[in-house]
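As you go down the protein sequences, you meet chains A and B in turn. With our numbering applied, the first sequence covers 1 to 418. With our numbering applied, the second sequence covers 1 to 96.
It is possible that some hints are incorrect.
To be verified - DSSO-like mimics (lysine-lysine), calculated; alpha carbons at most 27 Å apart, straight line:
1) Lys-67/A x Lys-50/B
2) Lys-100/A x Lys-67/A
3) Lys-67/A x Lys-55/A
4) Lys-354/A x Lys-100/A
5) Lys-50/B x Lys-354/A
6) Lys-354/A x Lys-55/A
By construction, these hints were calculated from the structure, which means they are not laboratory data. All values derive from a computational prediction rather than experimental measurement.
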Amino acid sequence: MARNRYSILSLVRNALSHHENWQAAWRSPEPRPSYDVVIVGGGGHGLAAAYYLAKEHGIRNVAVLEKGWIGGGNTGRNTTIVRSNYLWDEAAQLYEKSMKLWEGLSRELNYNVMFSQRGVYNLAHSLQDVRDVRRRVSANRLNGIDSEWVPVGELQRQIPYLNCSREARYPVLGASLQRRAGTARHDAVAWGYARAADARGVDIIQNCEVTGIRREGGRVLGVETTRGLIRAAKVGVVAAGHCGVLAAMAGLRLPVQSHPLQALVSEPLKPILDTVVMSNAVHGYLSQSDKGELVIGAGIDSYLGYGQRGSFHVIEGTLQAIKELFPIFSRVRMLRQWGGIVDVCPDACPIISKTPLQGLYFNCGWGTGGFKATPGSGWVFAHTLARDEPHELNAAFSLERFVTGHLIDEHGAAAVAH
Amino acid sequence: MLQIPCPWCGPRDETEFSYGGEAHILRPPDPAAVSDQEWADYLYLRDNPKGRCREQWCHSHGCRRWFNVERDTVSYRISAVYRQGDEPPGGGNDAA
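So that you can see chain A by itself, here it is in the shape it has in the complex (with noise of 0.2 Å):
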């Protein structure tokens, strides 16, 4: 079961036997019977889920199902963002939570993630943005989150490519810059968590979709899948847009939609730009990946949706910021374009909860924004599962919210419109 270690050492060895030999990063076993805990969903938070129920609690008998493969749903599909500059002190915790183990995560899970903290800058447009980013800036400070206001003199000399023109139909006039925020390498987050869960005994087993929810007497008995019934005292559904699909299964009903979101990334340039770039007022983000593509998020349909492509009107308005902000860009080609299905709650933040089914856990809503939290989300959700109860740092995201009214409103708050 032990895999071996990835370092110069097993590189050099390997470049001597022509790459043939090196060993598959995680098992394909045939799923069995019974399991301790099963996790819904092989993405990324699923994934970290399983490690640090592994990890941190000890408990290795574990599944992970996964409907298509590892790396191929939302972790395969975002725009690879790591950022924790958000308003309310419960988000700000819990996404600096995960910030903190992204830290460590490449030496960790001995696989590179590709971490870069490069910085990420939030745009103000407007003398309303000013006020909402610099009350932003100080919230993140007071909740010992770095978070800096730069000035739009200052940010011409760090982003000089930018259009801080006073001609610009929305005029660049600051923004917030998060020096510790930046990017990583989105599918090896899920390849680095599936290869560390499954040398601590966690099976993941791919192709294999939940098609029902055995339940009796208002607890849950384990999955019914497309290889089978496979039991379970614990079950944690992390299905991102499919989670409403799930709860169906269950009998339950989420506060969540699912829409389609869509990214889109340019042929390769030359380095040009090496930060990330937001914007809230005139909605479009931009990094450039290390392969040279400029990566662009677009925002959601307004629809519920879940085939995995959205509207182009909605492509050709992001593009039209990028354009109004990068002048520069306006005559690079795109590449590709792609959507995947977020699954957004009313206040843009997750439940990380318990059911009204005894076993049954959701992991869900964490709507266009999720990725950044992959590291953070699976800590908490693994000891919600392990423990049966959550984590001070999940605590205000349960389900209940929606009933007491303690929304935790993150729309609009949160940096980036979601």
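Use these hints to put chain B onto chain A, whose structure you have.
Then chain B, alone, in the frame of chain A:
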């Protein structure tokens, strides 16, 4: 982009419309009489179907009237358009 047949103006581009979410959700007639859970159900809990859904659209940049649409959330094909207050075609909507 969707092409949505407005019952008054005919087929128009999606950009002329705004989305109103799930149809057939009724505001409790006496909000003070319902429990917190029932109020939360009304405010926040929604079906999130993969398949047939019934939803509200408003022709904001046209006749500015609301109507209901029955649409598949995977193929995005619109199977029926009907006025608000009407029974959905084929029935089967518990919330109506």
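Outcome of the hint check:
Under the criterion of a C-alpha separation no larger than 27 Å, the hint pairing Lys-67/A with Lys-50/B is consistent with the structure, at around 16 Å. Taking the CA atoms of Lys-100/A and Lys-67/A, the gap is near 30 Å; set against the 27 Å cutoff, the hint is violated. In summary, the hint linking Lys-67/A to Lys-55/A is supported, as the alpha carbons are separated by about 25 Å, within the 27 Å threshold. The hinted pair formed by Lys-354/A and Lys-100/A meets the criterion: a straight-line CA distance of about 25 Å does not exceed 27 Å.
Distance restraint check for Lys-50/B and Lys-354/A: the Cα-Cα separation of roughly 24 Å lies within the 27 Å cut-off, and the hinted pair is therefore satisfied. With a C-alpha separation of about 21 Å, the suggested pairing of Lys-354/A with Lys-55/A holds against the 27 Å cut-off.
In summary, the one numbered hint that this structure violates is 2.
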